[in-house]
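Respectively, the protein sequence lines represent chains V and Y.
The numbers in the working numbering rise by one with no breaks, and the one at position 166 of the first sequence is 166.
Start counting at 1 in the second sequence, then tack on 1000, and there's your number in the working numbering.
Note that these hints are calculated values from the structure, not bench results.
These numbers were taken from a predicted model, which means no experiment stands behind them.
Honestly, I wouldn't trust all of these hints.
Below, in silico cross-link-like pairs of lysine-lysine (DSS-like), each with a Cα-Cα straight-line distance of 27 angstroms or less [unchecked claim]:
| no. | chain 1 | residue 1 | chain 2 | residue 2 |
| --- | --- | --- | --- | --- |
| 1 | Y | 1146 | V | 219 |
| 2 | Y | 1344 | Y | 1286 |
| 3 | Y | 1480 | Y | 1416 |
| 4 | Y | 1448 | Y | 1416 |
| 5 | Y | 1286 | Y | 1307 |
| 6 | Y | 1146 | Y | 1081 |
| 7 | V | 223 | Y | 1146 |
| 8 | V | 126 | Y | 1030 |
| 9 | Y | 1366 | Y | 1480 |
Some chain V residues near chain Y, calculated using beta-carbon distances under 7 angstroms [to be verified]:
| no. | residue |
| --- | --- |
| 10 | 205 |
| 11 | 206 |
| 12 | 209 |
| 13 | 211 |
| 14 | 212 |
| 15 | 213 |
| 16 | 214 |
| 17 | 224 |
| 18 | 227 |
| 19 | 228 |
| 20 | 303 |
Positions of the beta carbon are idealized from the N, C-alpha and C atoms, including for glycine.
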Amino acid sequence: MPVIRFITVRLLQAILVTMAVTLFVAFAIRLTGDPVVMMVSEASNVTEEDLARIRESLGLNQPFLMQYYDFIKSLVTGDLGDSFFRGPVWDLIAVAMPATLLLAATSMLVSILISIPLGIYSAVHKGGLADQVIRVLSLVGLSFPNFWLGIMLVLVFSITFPIFPASGYTGLASLVLPAVTIGIILTATNVRLVRTTMLEILSAQYVMVARAKGLSERKVIYKHALRNGAIALVTFMGLQFGNLIGGLVVVELVFNWPGMGTLSVEAIAQRDYPLLQATVSILAIMIVGVNLAVDLIYGLIDPRIRVA
Amino acid sequence: MTNQTSLPTDTLLSVQNLTVQFGQGSGAVKAADDLSYTLARNKTLAIVGESGSGKSVSSLAVLGLIRHLGGQVASGKILFKSDVLGREVDLCTLAEEDMRHIRGNEIAMIFQEPMTSLNPVFTIGSQIVETLVLHQGISQRAARRKAREALELVRLPNAARMLDSYPHQLSGGMRQRAMIAMALSCQPKILIADEPTTALDVTIQAQILNIIRDLQAEFGTSVIFISHDMGVVSEMADDVLVMKASKRVEMGSAKEVLGSPKDAYTQALLAAVPRIGSMTGTSLPKLFDIPGQAPTEETPAISEVDKSQPIIEIDKLTTRYDIRGGLLNRVTHRVHAAEQVSFKIHPGETLALVGESGSGKSTVGKTIQQLVEPVSGAVRFRGKDIFSLPKEERTAFRQQSQYVFQDPYGSLNPRKTVGDSILEPALVHNIVGAGAEGRDYVCDLLEKVGLSSSQVDRYPHEFSGGQRQRVCIARSLACKPSLVIADEAVSALDVSVQAQVVNLLMRLQAEEGLAYLFITHDMAVVERVSHRVAVMYLGQIVEIGTRQQIFENPQHPYTRRLLAAVPVLDPGNRPDRKPLEGEIPSATRAVGDEPQILPLEEVATGHLVARGTKGFDGLQLA
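Just chain V, with the same shape it has in the complex (with noise of 0.2 angstroms):
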């Protein structure tokens, strides 16, 4: 079976993804400080024998390549151990990552919502004023630094005009905000790949043939049309699940949205060494998955490459 095979040779790149990642964030965090030093900084009268005992019971003696056998170990096993400070880690990625999926599910969408429509608009009246319009409006977007455009969204929409709530998760009210943020980021560039692939494809002899047949115009784009452009727009979104993990860091610290992003920067604020390398390994593990996801359903859509 090809695809079981295919699954498995991407499996196993996933696995060195993985592997790559964690062992560089464990040996860049160690190079930070010593976390021990930070948790005895407010205490008086800590003695160096203190100090070391402390290492000790974290394990932290070790040498760094017996440390990140351990963590390796507690990955595969499933139990990630307990924080520095905050108890076990499962308790704490448990929370923070449904918030953080549910952010990243929710831009994804806004973006596909406005980009698709406002791509394909574009592409068929190429030239036209519009087209211009949502030109110009996608360059602007795409020069915005994203957490620029959160902190103006927040003096807007909860300072002048009290609508949505500016920071937490609250309900899904707060979601509106960030959401947009990364939404709009995320749409700039969107925009653009849908206009250009549905401006190849327009062109393409099929489309032509489906409206010699005597199909709707709408039919033509929508069905014949925009199949084709889904296998280069999905694996693009694919490749921008990694961007828009790296937006949703600094977006989550701007709404101080309980997510993975704000764990992990307060993990290495506080150099919570187990912590952070669970959240990096797992946000790394998701975006490789989600790679293999849009690989699979890619195979899907396009039957070329179901049979090859």
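Add chain Y to chain V, keeping to what the hints say.
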């Protein structure tokens, strides 16, 4: 809108003073200019003309699809008797909603490129079913049954399975049949066929033309057949409309227009068409007669073949391409592009290497030019094997052997003047110096190929296709070669231009004593230019001999079929031939599955024929 009919009863479609233009105002270009023609019931009207003559545009106007190409109907009428709408309509002013009931239902179209005409992400069946459901309002189930019948009508094997196949699983010929099945599924009154066989091999072309003819007879469909190929037109058309520069040149019955054309342009066009069989009895190649040019203005430009030593000798050349696959990316299959190919070319001689797509003819040319490494065999240039030459002598050989490619658009650097493009290889090989000397050299070459020395500083986009091919020929001559490999060098050109370029090649051969390896699929051109002919099939030569031996006494069944499939310009005379059924098999084989080499035996002096037809499984040759 009145119900009164203004069209005569036997007329189905009448195009009246149609002008189609692209662009606005002063920049507007007319793609059809005051064009008028009528299409009778159950007849085939062929629209012929060279590229850019506007022959396709007028038919897209009939379907009301011009605006999707950025053009518009500026004036004129297209009257059509619609049964669906129950009245006579002007297709130029008809509402889009009504137009959609006609498109694909009463007027259907097949396009030139079968490889890109079908949507790659839908099955063949669903694409036919879609049309049926749309126009006939029948259920999916009933439509699927009708779709299968349509596929059976175009003689696609295993129609039931074909319904669930995707376009990429089919060959070009099969896709074009599926396309015809789709176009005819609603039994349209008019079928527009825009160069439906141009992209196909000649044996497959014969199959497709036969199917169109048979179905036309069965359903009484009127056909608008757009083509540049006079042979095909002669076989298909009842009436012929000749177009030039967006205008109608002349129109009449096929017999009149092709047999005794009145207009000078039509006469010139027909004179330029190579006619297979026209060279019977002559042993040497012959220039085309081009009206307006005195045929014997120069010495009869046919070279003497110097038989003393061959300039190039190909000895059991085998070239294969590896196909990798699987988990470890190992070689799993090989394309057996050339298997034990042997031939010689003497100075001043043209050897034509003919075959259909995938026969390996281009691979042989590329291997000689050292663009591809052979697996085994030798290429001896003036007696020395080029693959074991020291580096300097290899460079010298590269200078002596030049290549002219098929596509004159893609083979010139758009950012270099043609002068620089021509000079570059001569500089590389130290034939001339740069500066004034090089410039004079290039100007001489331009004049030699029939261009003007004042064009030396122009860029490729300022030239037409034929002129670009002349530039490419000038570039190949810049190295003072003794062998020129012309790989489909005239295939992309219009017939009148093709005749001029072929004449140019023959003149240059006479003047410089050049040897040509002329790689092509066009048998009619081969009959004109070649001294000897080699026929390739699936990587092997199945027959080789003098031109007269091959054309007047073909021995191998494949050669005979190839010759029989060429459409003949013989107005009023439709050949009643049984087309070659089946597909050309693939030259791709699993590793270890070696093809059997067909031994060649000599049937006359210099006439070698492969024994047997092993490997010809796909084609029914008998």
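**Request:** Go through the hint on residue 205(V) and say holds or violated, using the shortest Cβ distance to chain Y against 7 angstroms.
**Result:** With a closest approach of 4 angstroms, the residue 205(V) hint holds.
**Asked** Are the Cα atoms of residue 1344(Y) and residue 1286(Y) separated by 27 angstroms or less?
**Response** The given pair, whose Cα atoms are some 22 angstroms apart, holds under the 27 angstroms limit.
**Request:** Take the C-alpha atoms of residue 1286(Y) and residue 1307(Y), compute the straight-line distance between them, and say whether it is at most 27 angstroms.
**Result:** Holds, because 20 angstroms separates the two Cα atoms, which is no more than 27 angstroms.
**Prompt:** Is residue 1480(Y) close enough to residue 1416(Y), meaning Cα to Cα at most 27 angstroms?
**Reply:** holds, 21 angstroms
**Prompt:** How about residue 211(V): closest beta carbon in chain Y under 7 angstroms, or not?
**Reply:** holds, 6 angstroms
**Asked** Can residue 303(V) be said to touch chain Y, with a Cβ gap under 7 angstroms?
**Response** holds, 4 angstroms
**Prompt:** Measuring from the C-beta of residue 224(V) to each C-beta in chain Y, is the shortest one below 7 angstroms?
**Reply:** holds, 5 angstroms
**Asked** Should the interface hint for residue 206(V) be scored as holding, given a Cβ-Cβ cut-off of 7 angstroms against chain Y?
**Response** With Cβ-Cβ at 4 angstroms, under 7 angstroms, it holds.
**Item:** Given hint residue 1030(Y) paired with residue 126(V) - CA-CA distance at most 27 angstroms
**Value:** holds, 22 angstroms
**Asked** Does residue 228(V) meet its interface restraint, that is, does its C-beta lie within less than 7 angstroms of any C-beta in chain Y?
**Response** Nearest chain Y Cβ about 6 angstroms off; hint holds.
**Holds or violated: residue 1366(Y) to residue 1480(Y), with C-alpha atoms at most 27 angstroms apart** = Between residue 1366(Y) and residue 1480(Y) the Cα gap is close to 19 angstroms, so the pair holds against 27 angstroms.
**Item:** Status of the hint placing residue 209(V) at chain Y (closest C-beta pair under 7 angstroms)
**Value:** Hint holds; residue 209(V) Cβ to chain Y Cβ min 5 angstroms, cut 7 angstroms.
The structure shown violates none of the earlier numbered hints.
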